[in-house]
Amino acid sequence: MRGSRALATVALVALAVVPWVAARHQLSLLTDLLIYGLFALSLDLIMGYTGMVSFGHAAYFGLGAYASALVLIHFGQPVPVALGAGALLAGAVALPVGWFSTRATGIYFAMLTLAFAQLLYTVAYKWRDLTGGSDGIAGVPKTTLFWGGPSLASPQAFYALVAVCVVLSLLLCRALVRSPFGHALEAIRENERRFTSLGRDPRPFKLVVFVIAAVFAGLAGALFAPFRGFASPEVMFWVFSGQGLMMVLMGGIGTLVGPILGAMVFILIQEVLSSYTEHWMIFTGFVFVLMVIFLPDGLVGTARRLRMRA
Amino acid sequence: MANLGEQLLNALTLAGLLFLVSAGLSLVFGILRVVNFAHGVFYMLGAYLGYTTVTLTGWFWPALLIVPPVVGALGAFLESSTLRFIYRRPPIYQLLLTFGLALILEEALRILYGPTAKGIDPPAYLQGAISLGSLLYPRYRLFVVVLSLVVAVGVWVFLRKTRAGLVIRAVAQNSEMADCLGADVARVRTLVFGAACALAGLGGVAAAPMTTAYLGMGIGVIVDAFVVVVIGGLGSMGGSIAGSLIVGAAQTWGAFYLPETAMVIMYAVMGAILIFRPWGLFGEEE
Chain U
43 MRGSRALATV ALVALAVVPW VAARHQLSLL TDLLIYGLFA LSLDLIMGYT
93 GMVSFGHAAY FGLGAYASAL VLIHFGQPVP VALGAGALLA GAVALPVGWF
143 STRATGIYFA MLTLAFAQLL YTVAYKWRDL TGGSDGIAGV PKTTLFWGGP
193 SLASPQAFYA LVAVCVVLSL LLCRALVRSP FGHALEAIRE NERRFTSLGR
243 DPRPFKLVVF VIAAVFAGLA GALFAPFRGF ASPEVMFWVF SGQGLMMVLM
293 GGIGTLVGPI LGAMVFILIQ EVLSSYTEHW MIFTGFVFVL MVIFLPDGLV
343 GTARRLRMRA
Chain F
91 MANLGEQLLN ALTLAGLLFL VSAGLSLVFG ILRVVNFAHG VFYMLGAYLG
141 YTTVTLTGWF WPALLIVPPV VGALGAFLES STLRFIYRRP PIYQLLLTFG
191 LALILEEALR ILYGPTAKGI DPPAYLQGAI SLGSLLYPRY RLFVVVLSLV
241 VAVGVWVFLR KTRAGLVIRA VAQNSEMADC LGADVARVRT LVFGAACALA
291 GLGGVAAAPM TTAYLGMGIG VIVDAFVVVV IGGLGSMGGS IAGSLIVGAA
341 QTWGAFYLPE TAMVIMYAVM GAILIFRPWG LFGEEE
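Going down the list, the protein sequences come from chains U and F. Going by the working numbering, the first sequence opens with residue 43, and the numbers climb by one from there. Going by the working numbering, the second sequence opens with residue 91, and the numbers climb by one from there.
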């Protein structure tokens with residue numbers, strides 16, 4: 043455990059030092075990676091800790107992005123207000139969706155969440171007046187930190203905001219999975235029938251964690267919209283949900299830190315490959331097949347196992 | 091009246107194509123306990139290979155005969171070279187593996203055929219329309235309805251009346267017990283996976299003259315096929331038929347009366363059914 047504390051310190055110091063040493067585009071790439079990391083982290087709460095594989099998690103990222111974009115464009119509020127709106131909308135929509143979806147388990151749960159996500163995607167696509175249809179909403183401004191406060195328009199300032207959000211979210215999620223509630227979730231993952239026979243109803247637990255995961259995904263989306271300056275239906279598309287699952291798997295299911303790293307590695311691989319070939323998806327596919335067969339525990343999971351053995 | 095008849099036939103055509111895809115998806119789930127995300131890509135592969143065969147031979151029928159076995163063989167090869175090693179893992183890994191296979195195949199087709207859609211002409215005597223009472227209807231669409239009916243009956247007879255079908259149903263019911271009784275479970279899985287891919291390939295060839303072969307058709311059909319099997323129940327042939335008819339009808343009438351919300355209607359129907367039967371109309375509780 044001492045080793046991981048040292049690693050965490052190194053990571054925090056690195057995050058804090060980067061804005062002073064990195065070039066502009068590197069800093070912007072890192073901001074991007076952290077936002078995807080937060081998305082993967084939120085997915086790990088339900089996928090890794092509760093064993094509920096959602097194939098529609100991108101919907102909540104997208105809802106967060108749209109809510110944030112609308113608040114920033116139409117009301118010009120500070121960014122944290124937009125973040126709150128994004129997280130709130132994602133959570134509010136996740137409540138009824140979760141209520142339906144948690145009635146089913148396993149593969150049916152995956153397909154239900156996919157179907158609801160496609161439904162939300164269709165709404166975003168068709169509701170042209172509000173969402174701009176397939177064009178999405180462009181020109182989302184990076185406003186201020188608070189009313190009359192400092193501007194977040196510089197890459198360093200926005201990076202700092204994203205980094206703080208991701209670190210805080212990680213700490214919150216860690217506290218959550220280590221709480222009695224988190225242990226209940228793991229009990230459901232390990233043996234739902236046994237959990238039921240011990241006299242507890244698993245559904246409220248699943249619903250609550252589903253909503254919490256959606257809130258964090260919404261936060262990630264709400265950061266995404268001002269950072270990229272737009273929100274479009276693509277971020278709600280099912281391909282993005284699938285990529286989220288890939289990120290979690292790549293980093294290590296049920297490790298929290300792993301999915302953040304997994305998201306970074308995944309997006310970096312895509313960036314590097316897409317600079318060499320337009321057909322990078324074929325390599326992503328191969329990486330994926332090989333990861334699933336040979337490294338099912340992901341990067342962090344495998345590293346932990348190797349250290350246990352040493 | 092003619093309008094209603096036409097829409098009914100449109101719904102049946104769509105249901106026929108959906109059945110060819112979802113039957114394999116359902117069969118694979120029944121035997122392998124795997125939800126094959128790449129299944130739609132095999133449908134797309136069928137359409138593209140159909141285009142190639144028609145271009146090379148100048149005829150449509152060879153495509154219908156040659157392409158499904160080729161797609162099936164590729165499917166069987168992929169099952170035995172990747173999926174076979176991870177059956178013992180939780181279902182998420184198999185879903186993710188097939189997601190990776192789908193990316194590879196989709197991108198390979200993009201490289202081979204380029205981004206433009208490829209059209210095929212139906213055979214000469216299936217071109218044009220036929221008059222059914224007061225209604226003129228495209229001959230080829232009727233052919234698709236008949237083809238999917240023949241396949242549905244064929245699959246049913248094979249599963250219910252042959253020894254191979256019996257073994258397959260035994261493996262679906264309890265693979266460990268079937269293994270103990272001497273069934274070669276690994277071989278059954280490979281063959282069923284291949285056969286399911288061949289069905290999807292057949293669907294692709296049949297669809298190509300109507301929809302052309304285009305990138306993204308696999309993704310489109312797999313989401314619809316998921317809805318079909320969720321409505322009908324995974325692993326059930328009857329469910330696959332019922333689900334295809336329901337989705338075919340919802341999409342056809344939805345697109346006609348409420349074009350903006352056709353997709354929403356399909357999901358609303360699914361949601362309504364799942365509230366009362368979370369495992370689908372014909373599915374069994376896990």
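Just to be clear, a hint being listed does not mean it is correct.
Unchecked claim - Partial selection, computed: residues in chain F whose CB lies under 8 Å from chain U: (1) R179; (2) L193; (3) T302; (4) Y304; (5) L305; (6) V320; (7) V359; (8) G361; (9) A362; (10) I363.
Stated by the list, open to error - Label pairs and their computed distance ranges (CB to CB): (11) A198/F <-> A53/U: 54 to 62 Å; (12) G328/F <-> Q68/U: 26 to 34 Å; (13) P180/F <-> A50/U: 45 to 53 Å; (14) T319/U <-> R253/F: 43 to 51 Å; (15) N264/F <-> D177/U: 48 to 56 Å; (16) F328/U <-> R253/F: 55 to 63 Å.
Hints were generated in silico from the structure; no laboratory data involved. Ideal Cβ positions, reconstructed from N, Cα and C, are used throughout, including at glycine.
Each hint, compared with the structure:
1. R179: R179/F check passes; min Cβ-Cβ to chain U is 6 Å, inside 8 Å.
2. L193: holds (3 Å)
3. T302: violated (21 Å)
4. Y304: This hint is violated: Y304/F lies away from chain U, its Cβ roughly 17 Å from the closest one there, beyond 8 Å.
5. L305: Hint violated; L305/F Cβ to chain U Cβ min 11 Å, cut 8 Å.
6. V320: Holds: closest Cβ of chain U sits about 5 Å from V320/F, inside 8 Å.
7. V359: violated (11 Å)
8. G361: holds (7 Å)
9. A362: violated (10 Å)
10. I363: violated (11 Å)
11. A198/F <-> A53/U: 54 to 62 Å: violated (38 Å)
12. G328/F <-> Q68/U: 26 to 34 Å: Given a distance of about 57 Å, which is not inside 26 to 34 Å, the answer is violated.
13. P180/F <-> A50/U: 45 to 53 Å: violated (29 Å)
14. T319/U <-> R253/F: 43 to 51 Å: Holds, since T319/U and R253/F (Cβ atoms, about 49 Å apart) stay within the stated range.
15. N264/F <-> D177/U: 48 to 56 Å: Because 53 Å falls inside the window, the suggested range holds.
16. F328/U <-> R253/F: 55 to 63 Å: violated (39 Å)
Of the numbered hints stated above, those contradicted by the structure are hints 3, 4, 5, 7, 9, 10, 11, 12, 13, 16, listed in ascending order.
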